[in-house]
Each structure stands twice: as C-alpha cells, then as structure tokens.
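Participant: Chain by chain, the residues:
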Amino acid sequence: MDKYLILAGLNYKTAPVEVRERFALTDPALKEQGIIPLGKGINECMVLSTCNRVEIVAVANAPGASEQLLEHWATCRNQPVSALRPYVYIHHGPAAVEHLFTVAASLDSMVLGEPQILGQLKDAYRYALEQRHARVILNRLLHKAFSVAKRVRTETAVASSAVSISYAAVELAKRIFDDMSDIRAMLIGAGEMAELAATHLVNAGIKSVRVANRTHERALQLARQYGGAAVPFECLAEHLAEVDIVISSTGSHEPIIRAKDMRNVLKRRKNRPMFFIDIAVPRDIDPDVNSLDNVYLYDIDDLKEVVEENLANRREEAGKAAEIVTAEAAIFVSWMEELDLQPTIVKLVRRAERIANEELEKTLKRIGPVSEDTRLALEAMLAAVIKKTNHEPISFLRRRFAEQNAADTAIHTVRRVFNLDVENVPEDAHLGRRKSTCSNSSCGTCRSCRGTKK
Amino acid sequence: MSFESILILLVILSYSFATLGIFMGTLAMRRKVKVAANWFTFAGFGLHTLAVLVTLVAHPFAELSAGYFMQLLSWLLIFLYLAAWRFLRLPFLALTAAPLALLLFVLSLRLSNVTSVLPEHWAVLFFGLHVLSLFISLGLLAMAFGSGLLFVYMERKIKTKMPLADFAKGLPGLSIYDKVNKIAVVVGFPLYTLGLMSSFIWLPLSQHQLENPKVLLSLFTWFLYALLFYQRMALGYQGRKTAVMAIIIFSISALSLTLDFFLSHHSTLLQP
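Protein chains in written order, with our numbering: chain X, 506 to 959; chain E, -10 to 261.
In isolation and in its complexed conformation, chain X is listed as follows (with noise of 0.2 Å):
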C-alpha cells in the first residue's frame, strides 16, 4: 500500500497578514472537531498554526489527497478554496520532509533562528497525538525533526547571538561581566525595551534590579515586577555607585548622566566596571561617559549594528544548517521508502540469513575441517531453520497489510521488533506507551515529558 506524504500549507513569505488571519487554524472550537478529520485516503495529519503560518502535514493514500486537505481547510475557515489556493504550496514526499525539517530548524522563521517555532510544533504534534491522529510516520518525522533542530542549534551558531536589541544589550553585558550573579542592574524610565532588557537581566541570574522613574508608583510597579526596589528618581546619582548595568529609556531631551558626574561615581565604586545601556532617543547618557576608563555605553544605534552583524552571522551559518536538513531528510526518505510489506520481508530474510552464515562459520572454525556433505547439510538445516523461523512474522504481516489503518503499525512494529532500521527509535514513539523514557531534555512532547514538566 503506498503512502504519501503531504505538506500544505501558507507562511509569510506567500501570504499577507490578512490572509494569515482568514485561514489560521487557531480557533479552540475547530480543535475541539480535530481540524482535519482523518478517513477518506488520509490516515494521519497534524497542523501547525502560527501567527507567521500555517502547515497542515499529512500521510494519505495518493497524492490527490492535497486538494481534499485544501478544501477542508478553506471550509473550516468558511472561505472559498479559490481564496486559499494563490497563497498555497504544496509539497510531497522530500519535498515536505526538507520544508518540515527546515521549520523545525527556523531556518524558516521570519527571524532566522528563533526558537520559538520549535516549542509550536511541539504543541502541535502533542496536539495530533491526543487526537490519534499521528501514528507511525507522523510520530517518527516529528521526532526527527526535533532531533534535526537540535542539531542544527548544536552544529551551526544559527542560534547563537542575539537578534534582538534587549537580548544582545545582555549579551554584551556578560562581556564585560563573567558572573552575573554579582551583578546589580539598575532601570531608569519603563520603556518597553528598558523592562525587555532588564527580563533578560534577571533571567541572566543578577542579584538585584533597582527602578527609578518620574512617576514613582510605576517605579514601584516595575521593581514588584523583578523583585528589586523602587527609588526616588531624584536620588539616582546617589544610587549610581552601587549598580554595575544602568539601563535608561526615559522621555528626558536632556541627558540625564554626564561624563563629569561619573567621575565621582567611579571613585566612589572604587572603579569597577560599569556598563551603560541607554535605549532612549534623545540619548539619555553624555556619549562621553564612554572615554572614562571602566565605563562603557552602548546607544540604541550600537545595539543595532550589533543586531544587524549577529543576524548577518545567522545567515551565513543557514547554509551549513540547510545542508544538515538536506542529509537527515534523505534519511527519513529512506526509512520511509522501506515502510512497506516487500522491503521489510527482505530486510527479515536478509538479517536471518546474515546471522546464520556467522554462527555457521563461527561453528566450522571450532569443530575443524569438514566434508563438503557436512558442510552442505549445515547450511540446508540453516535454511530450514530460517525458514520456518520467518514464517510466522512475515504471515503476521500479509494479514495485517490487507487491513486498512493497520499495515503502517504492523510493519513498524515487526521492523522495531527485528532491529531492522539498524538507528535507534526514540522509545517514546508512540502515545499508549506506559513507560517511557525520553532521552530528549527538551521534548515536551511525549507523555512522560508532560508528567514531569507539569
């Protein structure tokens, strides 16, 4: 019985946001009917659906089945197909396996190599197995396509440096200082990337966030926020000298540290380091505070050049992570061109075989010369051995191949059974699994995962 895989589905690059939003499969009431029913040539499915896409992954009996998803698709969103059909691709077989790796990857993803694709299609494969509708393709192409995205963040620095303006502020910041559990930072104003820098502080590991704004409650409410203490915006000179990263984004048209304050504030520290973010426009900190020795001040324009270079790194490291995807999806293509009756009987024959011809030479080379008699009546008994020692499981899997939704397990089973894939499978492959026990740290999506994350 032949298997197809199918991928269909919109992203950013071919649909606008309008477009986006008229076909996401987001809505709680069409999850509730499973999305995408399977029957009627599709035996498994699972869909992705994000802000920046949707992907709807499905193993169907003939390639057909790409038009019947697209209709189902267009009338859950009650549109009409021909709405939906300009901003499509679809893609079969490699093709869908590359795209599902290159997702998973975020080689995909608007910011190249963010992470958070990889937790959505988590959810959307843990989705698909509490609705059974992933079974033994689906379940081994997406634990692939974990694997493959970890490998990519290992092998490649796609992932590596900052790409947005509060997080490269941080990492600049653990330049400068080695262990950020020492660390003091303080907040002047709550601008928005102000209090995204100073999360990416606290979950840096700093020992405490000190906030001073004009508007004292806010400060107040910010520093409930981080857990560290609000101060009267009047004081901050006073405070200066006790804070290692000062992160500015008020409303001020005049700058509110000078280099000449600064001097004072270093004697008083004892000239440790300190470490200037300022994120406002009009600047908030006198650019000379950077000549001072120990002092150092990144403006909003030196973050973005740092974005700007990080995101160029990122693009040189795609290629490498495109040719990982490319080799690991040929291995999936492979597995699953072996997923059939005829393959795998060959595979059972051929393993049997290998081992006898083993024991048979391992067994002459102890018992010394024979005749060629004994010899040729050792390998019939073998033969015989084989034979009938095979007969059962390839019998068990004619039957099970003639029954609809069954060959798939049956020849997975056999095939896991016999080690015939030679690689290991992921021992939480499979949803009815008791106990298992995942060897992936960050999967999430098995069952045992899910027991203990919770």
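Don't take every hint at face value.
If you want the footprint, here are the derived chain X segments under chain E, 3+ residues with CB under 8 Å [what the hints assert, rightly or not]:
| # | segment |
| --- | --- |
| 1 | 652 to 660 |
| 2 | 674 to 686 |
| 3 | 803 to 816 |
Label pairs and their computed distance ranges (CB to CB) [as the list claims (entries may be wrong)]:
| # | chain 1 | residue 1 | chain 2 | residue 2 | range |
| --- | --- | --- | --- | --- | --- |
| 4 | X | Tyr517 | E | Met13 | 39 to 47 Å |
| 5 | X | Ala734 | E | Ala215 | 52 to 60 Å |
| 6 | X | Lys809 | E | Met13 | 55 to 63 Å |
| 7 | X | Glu897 | E | Ala17 | 34 to 42 Å |
| 8 | X | Glu843 | E | Leu77 | 51 to 59 Å |
| 9 | E | Val95 | X | Arg871 | 53 to 61 Å |
| 10 | E | Phe156 | X | Glu743 | 36 to 44 Å |
| 11 | E | Leu98 | X | Arg871 | 54 to 62 Å |
| 12 | E | Pro202 | X | Ala746 | 23 to 31 Å |
| 13 | X | Arg768 | E | Leu208 | 28 to 36 Å |
| 14 | X | Gln621 | E | Met18 | 50 to 58 Å |
In short, the hints are calculated from the structure, not lab data.
Ideal Cβ positions, reconstructed from N, Cα and C, are used throughout, including at glycine.
Once you've looked at the hints, dock chain E against the given chain X.
Facilitator: Below, chain E alone, put in the same frame as chain X:
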C-alpha cells in the same frame, strides 16, 4: 637513549601538542580539541614532575644545573595553570601557560651543562625562599600577562564597538581577566619581595652587584610591581591600567630572567 632523555622528549611532545591544541581549539572554536589539549597538558605535567624528581634524586640541592631551575619554573607555570583551572575555573590561562612552559622547558636544555655550585648551608635557603617564591610570583605574572593581553584586546573591541573575532566570542568576560590580575598582585608581589630579599641575604648587595644589569632590572621590576600593588590595593585601580602594568612588568621580568640565566646567572656562584 637514557630514561631521562625519553622523559624529556615526551614532555616536549606533550607540551607541543598541548600548545598546538589550545591555539587551534580556540581559533577554530572546537571544544573537543581544547579538551584534548588539556589532556596533553595534564600528561606533560605528570611526565615533567617525574623528570624534576628524577633529577632531584640524582643531584644534591647544591649541585643543580641552571637548566634544572628553568625546568622548575616551567613546571610551576603548568602547576599554577592546573590549579587555576581546577579551583578558579580559568581554562583560558592555558593560552599562556602551555606555550610558555614549552619555551622554558626547551630553553632549559641549553643550560643543562651550567652547574650551580652553592655552599651547602645556603642551598636550602636559596632553593626554598629565593627560587620558589620568585618562580611562583613569575608564574602568576605570566598568567596576568596572558590575561592582560586578552583584556586589552577585548576591552578595546567593546569600547570601540567593533565586532569581536570569532575566537574571542568563546572567551570569558573582562572581569575574569581582572580577577587573574588581582591574584597575581595580591599573592605574587609579597612572594616576589620575599624572593628578592632572600637573594640579598645569601648574596649581599655590593657596589659590584648594583652595576649588574640583571640586579638593576630585578629592582626596577620590584619597583613597578610595588607600584601596581599600591594602585590596586590603595587606589582601587582595576581594568585596563592594571592589565597594561602587568604586561609591562612581566615583559621586564622575562628580560631579567633571560639575563639571569643566559648572561650572568648568579655569576659569582655558577661555574660552567
């Protein structure tokens, strides 16, 4: 080939692989290569320890060659690096320790025929106070020199907002280099002072000694070291200024050491 020669060859090979590995691993950002380099350093240190002990057993304190003392300095460098790696988590110091140790070890072979003959009653004082305290402080200065160079490079890049070279992206933050500098000053300066004072005990300063460029350089180094100590401890200096000072002090010390071993080497006591 004698046992000692085999040991020497193995030490040189180990330190050579360690040096190559640490530079290649850092430049190519390959963690496994750096780990392998560390293993070579560790193996080299073990063999080096054996070589030092074998020589010590074979010769009494008072008859050790100048080469032996240079070998000991090389050994101390690696010992200090391994201690910093184990207790302070400062693996980047291998960038300084491995090549310097290799250089000193190779140079020590040229001095293996220069035998120092000390009066018996001076030997323990010379060995225990002068050599050990000076060598430890020189080892610490070497670490401060390496971290000072990295500090100056990284600080300049951060100040001028220029992108870091790829190899530097995996290096630690500025504060860690300053920490090494602080250790080199707080621990190293008293030891350097002790080392110099002990040498004046067994070799009293005379007019003749004050004309010796090596002695003058040592005194000048001590003066700069004292200045750095004062700047760090009393004035609270840190960062670029102290890093540059450490680079200068180590450079002068290295010159002084070269004069010491290759030109004069306690000329009143050593006889070729």
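Participant: If a hint holds in the structure, say so; if it does not, say that too.
Facilitator: Each hint tested on the structure:
With a cut-off of 8 Å between beta carbons, the segment 652 to 660 of chain X has 0 residues touching chain E; three or more are needed, and the interface restraint is violated. Residues of the segment 674 to 686 of chain X with a Cβ under 8 Å from some Cβ of chain E number 7, which satisfies the need for three, so the listed coverage holds. Counting residues of the segment 803 to 816 of chain X whose CB lies closer than 8 Å to any CB of chain E gives 5, so the stated coverage by that chain holds, three being the minimum. Distance hint check for Tyr517(X) and Met13(E): the Cβ-Cβ separation is about 42 Å, which falls inside the suggested range of 39 to 47 Å.
The hinted window of 52 to 60 Å between Ala734(X) and Ala215(E) is violated, with their beta carbons roughly 42 Å apart. Restraint check, Lys809(X) to Met13(E): a C-beta distance of roughly 34 Å breaks the suggested window 55 to 63 Å. For the pair Glu897(X) and Ala17(E), the beta carbons lie near 54 Å from each other, so the given range of 34 to 42 Å is not met. Hint check: Glu843(X) to Leu77(E), Cβ distance near 54 Å, so the stated range 51 to 59 Å holds.
Taking the beta carbon of each, Val95(E) and Arg871(X) are about 57 Å apart, inside 53 to 61 Å as hinted. Look at Phe156(E) against Glu743(X): about 42 Å separates their beta carbons, and that is inside 36 to 44 Å. With their beta carbons about 57 Å apart, Leu98(E) and Arg871(X) fall inside the hinted range of 54 to 62 Å. Look at Pro202(E) against Ala746(X): about 46 Å separates their beta carbons, and that is not inside 23 to 31 Å.
Judged by the Cβ atoms, the range 28 to 36 Å given for Arg768(X) and Leu208(E) holds: they are separated by roughly 35 Å. Roughly 26 Å separates the CB atoms of Gln621(X) and Met18(E), a value that falls outside the hinted 50 to 58 Å.
Hint check: violations occur at hints 1, 5, 6, 7, 12, 14; the rest are consistent with the structure.
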